[in-house]
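Chain order of the listed sequences is E and V. Here the working numbering is used: the first residue of the first sequence is 25, the next is one more, and so on. Here the working numbering is used: the first residue of the second sequence is 302, the next is one more, and so on.
For the record, the hints were derived by calculation from the structure and aren't laboratory data. Beta carbons: idealized from backbone N, C-alpha and C, even for Gly. Watch out, some of these pointers could steer you wrong.
What the hints assert, rightly or not - Taking CB as the label site, the calculated pair distances span:
1) E/R405 <-> V/L336: 34 to 44 Å
2) V/S372 <-> E/Q160: 24 to 34 Å
3) E/T449 <-> V/G421: 16 to 26 Å
4) E/P334 <-> V/D349: 51 to 61 Å
5) V/A368 <-> E/S72: 32 to 42 Å
6) V/V333 <-> E/V259: 49 to 59 Å
7) V/D335 <-> E/G324: 30 to 40 Å
8) E/L151 <-> V/T313: 56 to 66 Å
9) E/P95 <-> V/L324: 53 to 63 Å
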Amino acid sequence: MGHSVWSCSYERIAMKLVYGLIDANSFYCSCERVFQPRLRQLPVVVLSNNDGCAIARTAEAKVLGIKMGDPWHLIRKRPELAGVEWFSSNYALYGDMSRRMYQVLAERVPRVEPYSIDEMFLDLTGLPGDLTERCQSLREDVRRIAKIPTCIGWGPTKTIAKLANSIAKGGPTLGGICDLTDQKIRRRYYEVLSVAEVWGIGGKRASKLERAGYRTIQDFVDAPVREVRGLLTVVGERVQSELRGISCLSFVEVSAIRKSVACTRSFGRPITVWHEMREAIANYTARASEKLRQQGLQAGSITVFLHTNPHAKNELWHGDQKTIQIKPTNDTMAMIAQAVRMLKPLWRDGYRYTKAGVMLNNIEPANERTNQLFYSRSDERSKMLMPVLDMLNARYGRNTISPLAIGITHPWATRSKLLSRQFTTKIEELMTAKAW
Amino acid sequence: MASGDGYNGENTTGFASPARDSLEGTVDLSAVLDLRSPSRYPVRVRGDALNQRGIRHGDILIADAAAPPVSGRVVVAMIHGDVVVCELVYKGQQWWLQPSRNDPAVCVSDDIEIWATVSGLVRTNV
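One chain only, chain V, in its complex shape (with noise of 0.2 Å):
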């Protein structure tokens, strides 16, 4: 909204701001995070199971839907149904779904899809 509390830096009283012409606009998170491209899906995460990778219940992720899978990533994926997020690991010729370091990691086979890369993050109730 333009003026919502009343005051940009611009309109002084007293004597004229000095930063009257250097004023910037606030921050714009949704320009940093892309999230007008075609390809950005915001995703809320449910379960503690990532972490050890910075993740946790309740964090918006930003998952992009046309960067390719890279061994190491954290990626949305769909497996029988379920909307799942876990790391992707490539290991002897073949993909992983690596759900969190202490379990067993599922093979990616064709009725599993690898729907977007998380590019990042966002929690608000640090």
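So that you can see chain E by itself, here it is in the shape it has in the complex (with noise of 0.2 Å):
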């Protein structure tokens, strides 16, 4: 009886929670899309950096057999996928409608988590009406305005809502969402999907539960914790809670400020002569200081890296990086300096490297002079000079004027030969209408 009355107020005082995920349908195909009706109702596949395999797809192309991680010069001759439409991977596209589809769902629900660049967790917990209809009408307010088709899956946990929008991406006949707060639903669900699909639960994980037994979702939602945790240590023991109903996991606020700025890329093709590979961390360099100079920021350490590529059979791997502490600027000359005086130690003859970079990290405001002690003449002469560089590449367009050392042809650069335009964020490449 006393239970049973502390249970109730209990109810009243502590609202349910709700987590909701969203996730875009082929989110980098359907962006391609928005731009470009003629692709429609047609088979489209994005590829990868350097135009390598296929990393997304829409349904059409999914039917005719590409799965993800084909290779695209492997599969482009085969007569059956003629009427594929192929792409580069057009991120600075993909990021622009990314924040469309985050401002949308920011303006509608109390707290959105980006996830990733196309799944955004929703807290929707005590929102009054309908949630279905809520959803749907989240589902709706996306796809009319930030154009990119969704579907939404929600629970009382974020591994529950992360199932469960794996179940409404599944099912055609559930119209785009799925609610499995209701434990009666979820397990109906949980006896016959495989523990695999659980989110957190992937390859070695799941074979490890798979030959202990433990082979759909309900199974291991009803195997004794002590076992779990021997199985797949606390991270496992966490899934397990979370499943249950019993939120571990919560909103994760994401900080404003980088607290680095990259620039990585594979080659278009090996790179096996020094001053080809001086050329490319030059480059990654000045771009990454250009990032930095836009945001108005500095760094205080580098890291260059550089290695071969690491699937390539019969072939010699290395790999090598290197961190060291610098005095904080955001100076294309003295960055690259820096980064080329580093690289030199790390590269062999006789490798194909296929893969560097650049990490620019201890990110701070560039006006903060913390080693007022070192000030020099030269620090003057470059604050006056990048800005003149950045207008100047702003105003004509990219690397007008550049550092000699960036190289000019660039023969190692990144192959993109079946780019789309940047639609919404140049210019020069805006979506076109006819008045006709």
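Mind docking these for me? Both chains are given alone in their own frames, and the hints should help you get the complex.
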């Protein structure tokens, strides 16, 4: 008796947590379709950096048998794929569309946590009215305003929301939404779905569980906690609690200040000579410094790395990296000099390097002159030169003025031959509409 | 950029500028056009069919995907794989797309999408 009174008032005080997860359908392909309506009914595939392999496919492309990770050069000539529209990844475009998706949601939901470029957790706790209707109208608003088709799943924990989302995606009859707040409904799915479908239980963890006899999600949920901890440590224990409806993962606040600025890319072809590697690193450094200045920041540490193809058989592997502390700066020239000096001892003749990069850390606002003691004449000159450099490059196009160190023809540069336009972020490449 | 030309009305060598406490930044057109809103898309016009509406070849339209369709407004529409700009008209219980004064209107059917309503225009080559 006393117990039931207690639990009744507890229910009233503690609002039932509801986490939602909204996820774009074939996000990169959907972005391409927004501005190219001729693609609406066609199979569309977006390729990874360097036009390597398929990383996003529309439903039409999946039907044709194209798998995630299929290498483009192997499948492009297949006769049945003659009608497929292939695209290089256009991250400037996808980033802008992700921004729109986030803004539409942030205007309508108390809290939005961007989890990846195309997935966002939503705080749906304590919202008035019918959640199904609300989620449908969220989907419609994102579709109409940010132009992106999505699915939404929700439930009492993040892990359940993630599962609900993948159920919504897989079931065309569900209308793009899935509500797993009800324990009985959850159980129905838990009994038929494989434990490998659960967020955080991929590959190795799933096969460990299967070997121990836990195949379905329900098997896993019913497993003794001690055994789960034994098999998968506290990570597995947390996933199990989450699946039981006890929230262990809360909202993560994303800090507004960037902690690092990076520029890392795979080459269009392997680099085997030193001067090309030096040029590539100088390039990446120049780009990263430019990003710093755009945000009024400077960096106090540089990391440089390079490596050969980790998947190539019959080829020697080499990879190395180095990090050093520097006097905080955002000057392109100073950064390049530093990065190239660090790169030299990392380089080895005789290897085929496929990727390299530069990361800048210990980021701070550029006007904070923490080290007055070593302030020099060259700082003053850089403070005048860099704005001029940025201004000219902004007005007349990237690399109108650039240090010779970054080279001119860039034969090693990343391939993206199938790039669509930057429809929303570049004035020369805007979507055109015919007045006919 | 902070001080592209070095003078912003504040630093004078002879007499203190009487405007010093009243300085304002330059006009921010992206704020006027609300370009940071998720619903705003810049769209370049190709063709002169809407000259009578004051819309010319090369103009940049600011299209708003959140604005509801209203008869008489100019809209961006997707028709059979093409992106077009035309006037939206409601007549005889039916929505129509009017390409220009002299051309026949097209009935808005299921395979036509009203993509966004034009809310502003930028012209840099007047």
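Outcome of the hint check:
no.: 1; hint: E/R405 <-> V/L336: 34 to 44 Å; result: holds, 35 Å
no.: 2; hint: V/S372 <-> E/Q160: 24 to 34 Å; result: holds, 28 Å
no.: 3; hint: E/T449 <-> V/G421: 16 to 26 Å; result: holds, 18 Å
no.: 4; hint: E/P334 <-> V/D349: 51 to 61 Å; result: holds, 56 Å
no.: 5; hint: V/A368 <-> E/S72: 32 to 42 Å; result: holds, 37 Å
no.: 6; hint: V/V333 <-> E/V259: 49 to 59 Å; result: holds, 51 Å
no.: 7; hint: V/D335 <-> E/G324: 30 to 40 Å; result: holds, 38 Å
no.: 8; hint: E/L151 <-> V/T313: 56 to 66 Å; result: holds, 57 Å
no.: 9; hint: E/P95 <-> V/L324: 53 to 63 Å; result: holds, 59 Å
Going through the hint list in order, the structure satisfies each hint without exception.
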